[in-house]
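Undergrad: Sequence:
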Amino acid sequence: MTALPRLPDTPAVRAVERLRLALARRGIGARTYGGYGLALLTVGSLIVWCNGYRFWWCAGWDAQRRRPVMGSQDARQTERTARRVEFHLARLRRWQADGTPPTNGTTTG
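1 is the number of the first residue of the sequence shown in the working numbering; add one for each residue after it.
Source of the hints: derived by calculation from the structure; they are not laboratory data. None of the values given here were measured: they were computed from a predicted structure. Hints should not be assumed to be uniformly reliable.
[Said to hold, decoys possible] Derived DEER-like restraints, expressed as beta-carbon distance ranges:
#1 Ala63 <-> Leu7: 12 to 20 Å
#2 Met70 <-> Leu7: 23 to 31 Å
#3 Trp95 <-> Arg65: 18 to 26 Å
#4 Tyr53 <-> Glu86: 20 to 28 Å
#5 Arg65 <-> Arg25: 34 to 42 Å
Every residue, glycine too, gets a C-beta built ideally from N, C-alpha and C.
Take these sequences, add in the hints, and give me the full structure.
TA: Printed below as a string of structure tokens:
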């Protein structure tokens, strides 16, 4: 078995690792990737980016403006970010399971 490459020790990687652990405590598995000053956390089809100061992710689609709606959170607020990501994952799973789009005026996709 080949070992995964070690991630660089940067503020972005440390932040996504804290988020990964917070999600793991909620029973949500995630993978982390890092390089070039950014880090990514993936949970299924959701990607969370981090630059060490902020997390951000695509939270939906604004059909009227024809652009993505982005969710964002200060990277120091790991637990709050984990709750928001958990909530968004539940919305994504509901939408994927039964075709019910989010009800906040956006369409995820």
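Undergrad: Each hint: holds or not?
TA: Now for the hints, and whether the structure bears them out:
1. For the pair Ala63 and Leu7, the supplied restraint of 12 to 20 Å is violated, since their beta-carbon distance comes to about 37 Å.
2. Met70 and Leu7 have their C-beta atoms about 24 Å apart, which keeps the hinted 23 to 31 Å range intact.
3. Evaluation of the 18 to 26 Å hint for Trp95 and Arg65 yields a pass: the beta carbon distance comes to about 20 Å.
4. In this structure the hint that Tyr53 and Glu86 lie 20 to 28 Å apart at CB holds, the actual value being about 22 Å.
5. Here the CB-CB span from Arg65 to Arg25 is close to 36 Å, well matched to the stated 34 to 42 Å.
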